[in-house]
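On the provided structure of chain F, position chain G as indicated by the hints.
So the protein lines, in turn, are chains F and G. So the first sequence is numbered by this note's numbering: it starts at 2 and just counts up by one. So the second sequence is numbered by this note's numbering: it starts at 831 and just counts up by one.
Keep in mind the hints are simulated off the structure, nothing from the lab. Model, not experiment: these values are computed from the prediction. Worth double-checking, as some hints may not be accurate.
Calculated cross-link-like contacts (lysine to aspartate or glutamate; reagent style EDC-like; alpha-carbon spacing at most 16 Å) [said to hold, decoys possible]:
| # | chain 1 | residue 1 | chain 2 | residue 2 |
| --- | --- | --- | --- | --- |
| 1 | F | 154 | G | 1037 |
| 2 | F | 154 | G | 872 |
| 3 | G | 999 | F | 458 |
| 4 | F | 475 | F | 458 |
| 5 | F | 154 | G | 1042 |
| 6 | G | 999 | F | 576 |
| 7 | G | 999 | F | 329 |
| 8 | G | 999 | F | 543 |
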Amino acid sequence: MTVTHTYDAVIVGAGGAGLRAAIEASDRVRTAVISKLYPTRSHTGTAQGGVCAALGNVEEDSPEWHAFDTVKGGDYLVDQPAAQLMCEEAIDAIYELEHWGLPFNRTPDGRIDQRRFGGHTRNHGEAPVKRACYAADRTGHMILQTLYQQCVKRNVRFFNEFYVLDLLLSDGRVAGVVAYELATGELHVFRAKSVLFATGGFGRMFKVSSNAHTLTGDGPAVVWRRGIPLEDMEFFQFHPTGVYRMGILLSEAVRGEGGILLNGEGERFMERYAPTVKDLAPRDLVSRAIYQEIKEGRGAGPRKDAVWLDVRHLPREVIEEKLPDVTEFARVYLSVEPTTELVPIQPTAHYAMGGIPTDVDGRVVVGPDETPVPGLYAAGECACVSVHGANRLGTNSLLDIVVFGRRGGRHMAEFAQGADLPALPERPEGFTREMLEGLMSRREGANAADIRSDLQEHMFDLAFVVRTETGLKKMQEILAGLRERYERVAVQDPGRRYNTELMEAVELGFLLDCADALVAAALARDESRGAHYREDHPLRDDEHWLKHSLAYREEDGSIRLEHKDVKLGPYVPMERKY
Amino acid sequence: MPPAPESAGDVLETSDQRRAGATGAVTLTLRIRRYNPELRGEESWWDEFTIQADPNDRLLDALHQVKWYHDGTLALRRSCAHGICGSDAMMVNGKNRLACKVLVKDVAPKVTVEPIRGLPVLKDLYVDMEPFFNGYRSILPYLINDEGEPDAERLQSPEERHRFDDTTKCILCACCTTSCPVFWGDDEYVGPAAIVNAHRFIYDSRDHGADERLKILSEKTGVFRCRTTFNCTEACPRGIEVTKAIQEVKRSILFERF
Chain F
2 MTVTHTYDAV
12 IVGAGGAGLR
22 AAIEASDRVR
32 TAVISKLYPT
42 RSHTGTAQGG
52 VCAALGNVEE
62 DSPEWHAFDT
72 VKGGDYLVDQ
82 PAAQLMCEEA
92 IDAIYELEHW
102 GLPFNRTPDG
112 RIDQRRFGGH
122 TRNHGEAPVK
132 RACYAADRTG
142 HMILQTLYQQ
152 CVKRNVRFFN
162 EFYVLDLLLS
172 DGRVAGVVAY
182 ELATGELHVF
192 RAKSVLFATG
202 GFGRMFKVSS
212 NAHTLTGDGP
222 AVVWRRGIPL
232 EDMEFFQFHP
242 TGVYRMGILL
252 SEAVRGEGGI
262 LLNGEGERFM
272 ERYAPTVKDL
282 APRDLVSRAI
292 YQEIKEGRGA
302 GPRKDAVWLD
312 VRHLPREVIE
322 EKLPDVTEFA
332 RVYLSVEPTT
342 ELVPIQPTAH
352 YAMGGIPTDV
362 DGRVVVGPDE
372 TPVPGLYAAG
382 ECACVSVHGA
392 NRLGTNSLLD
402 IVVFGRRGGR
412 HMAEFAQGAD
422 LPALPERPEG
432 FTREMLEGLM
442 SRREGANAAD
452 IRSDLQEHMF
462 DLAFVVRTET
472 GLKKMQEILA
482 GLRERYERVA
492 VQDPGRRYNT
502 ELMEAVELGF
512 LLDCADALVA
522 AALARDESRG
532 AHYREDHPLR
542 DDEHWLKHSL
552 AYREEDGSIR
562 LEHKDVKLGP
572 YVPMERKY
Chain G
831 MPPAPESAGD
841 VLETSDQRRA
851 GATGAVTLTL
861 RIRRYNPELR
871 GEESWWDEFT
881 IQADPNDRLL
891 DALHQVKWYH
901 DGTLALRRSC
911 AHGICGSDAM
921 MVNGKNRLAC
931 KVLVKDVAPK
941 VTVEPIRGLP
951 VLKDLYVDME
961 PFFNGYRSIL
971 PYLINDEGEP
981 DAERLQSPEE
991 RHRFDDTTKC
1001 ILCACCTTSC
1011 PVFWGDDEYV
1021 GPAAIVNAHR
1031 FIYDSRDHGA
1041 DERLKILSEK
1051 TGVFRCRTTF
1061 NCTEACPRGI
1071 EVTKAIQEVK
1081 RSILFERF
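This is chain F alone, in the form it adopts within the complex (with noise of 0.2 Å):
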């Protein structure tokens, strides 16, 4: 049985994204939000450090600073008009966050504090500048919190549990969604007017991850299924401070406080790698160094497969009152006293600079000249608009959330208002309910876990911090094999009643196409830019890689690529140095 829902716009996802979408379109619009999780379990809620807007509260800054710092931080494949205006909109954003409730920490006469986050510069480069505003170190927590309570003011209308599994289209148009429920095992089709993703990450597809066990790339994978291109899915930020084996992030706030890193030789290696703003330098850099320092021999721990992270000198008050649950997660996971020991660390599958394409106003655009598809939008980490490029800068992900999924969701409820409702396609649901009806068809066979650790490990391995074109063509013959594995798995849950064994076979497979996007576009771009480091072509190609790569699945199951331009602007590629 399959139950029929008519909306003008369907949100999927209720992150930082969806949430900040659905307060916009529900204003306007018959609204519906659906989400595999609870809205307040969502990933958003674990970003720790800030979130940047050039208020100047604290010392003098500009959006124009801050622009400059996303175009470089994001080794130039930055779309610059929509880095200027996010950093623009920045500060309207968070006036009205704050204005919604979120309790920011205060300065002395009382207005948001700011502090410093790596990559983030006064005058172009020229020394550290406090450009994040903060709470604690919950400041996606309280981003979260505050989005949802505002759906709760506006008596938003939310499926919660639900998974979204298809996306409908009807002569180019979208038409809506098919979600599966999980208390019921019901599928329900939704039709709608616009549908926006706003789905989150795929750092599930890498041992070490400080991502949800839920992060597993559902909307990129299923628009991808549709014929969507899935853009820049070779850039993927490898953040450097994870908790050593586990990958729970420790905030890059930590080292904005004043925290160091220490090799194995105790030395302070970053002064080495960016001499100005050591480490404070973007993410990509710190990884790459800790890598080097690992690879050389100076790597800390029994193994010498960690760096130490080193917060000994700090106040304890600023370890106590900015630093709270870092220095929790320490204690808990770690056993180490951050205030007197040295916390291991290493770095960690954080964020996807790329994902479904998409212009400033979110909605996803198709080729080089950016066709864009009638009703269909994305925003947060599952979209790239692009303003990461191939490395998105500390904090710029929450300010990412907070203007795109304002800009999409405004831009989806005024899409629907003038639009009619498409007719479904014939058997809508037929295609999710194949797929399902073909996982539950066995009851022995492969086992799902194992082909997912299987893909843990090997991109770990090979398409990590450093890739290499061996690694990479090693990395698609195993996920030939993975994809053979998969096709046999088996779930033994036989329930149509909470069967989450069922929903993990299917995010697997979600899983399983993002990585073979992002290794066959990191195979193809033979150069060095940003997160995506090719050992055997070590530098940046602007004659040749200045573009955006565009990966399609064929109906044969190959994957083609094309490319578009990067929208330039007033920033000259430069060699980049900090």
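Showing chain G alone in chain F's frame:
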């Protein structure tokens, strides 16, 4: 240079090695209260699974090992796995905990896991969260201020901000509410988490909705149901002084507003 922490040492790299009983692993028996009306009828039952686990693994990792390699039907909520999303509240050895904040070494060799109490169980560790969120929604959990918005931020001193800091940490995991004996016996009581979230706004200098919330909480479903057993404070994985927050709200109702 201090000595390397133990946890950077005995590391088991893959679940495969783990299952093969790699060195450093400990034996853990999980006794789990199961419920699956679709397949097994209305009676709950106990299952036991014995696995090898890294002592520094989370209890959540151990539950995953059970689900992924022993019994795929085991159902539990989880997401972030480090104590922020609030999904995996469960009763661990009789106390409400997040499974991702309990380490194997702290519970081995045997641990008992049950669903949190006071909410209808749906399947295994899944409970119906709607009554909990209804309580949350009832206390107007959003900033109320009709004064119009200034061009920039509203001013708030660090002291004013500090006044309600503790209750901003709530992740709505329901550990507190479902540890409360009053809540177990009375599904009308809004419960500790709802009061914590009311507290977060009542003492925010920017908020003007305190009277409305205090009125709601002075009703018979509100704060005066609290019997000050401190279970909630003990259960909170975020270290919020829940009972203190409830007492402050009670005092405001008695002495300040009415």
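For each hint, the structure was consulted:
1. As the CA atoms of residue 154/F and residue 1037/G are separated by approximately 14 Å, the hinted pair is consistent with the 16 Å bound.
2. This hinted pair does not check out: residue 154/F and residue 872/G have alpha carbons roughly 38 Å apart, beyond 16 Å.
3. Annotation: proposed proximity of residue 999/G to residue 458/F is violated, straight-line Cα distance about 34 Å (limit 16 Å).
4. Simply put, residue 475/F and residue 458/F have alpha-carbon atoms about 13 Å apart, close enough for the 16 Å limit, and the pair holds.
5. A threshold of 16 Å between alpha carbons decides the hint, and for residue 154/F with residue 1042/G the separation of about 14 Å falls inside it, so the pair holds.
6. The straight-line distance between the Cα atoms of residue 999/G and residue 576/F is roughly 43 Å, outside the 16 Å bound, and the hint therefore fails.
7. Our distance criterion of 16 Å between C-alpha atoms is met by residue 999/G and residue 329/F, whose separation comes to about 13 Å.
8. Of the supplied pair hints, the one linking residue 999/G and residue 543/F is violated, its CA atoms being roughly 46 Å apart against a limit of 16 Å.
Comparing the model with each numbered hint stated earlier shows that hints 2, 3, 6, 8 do not hold.
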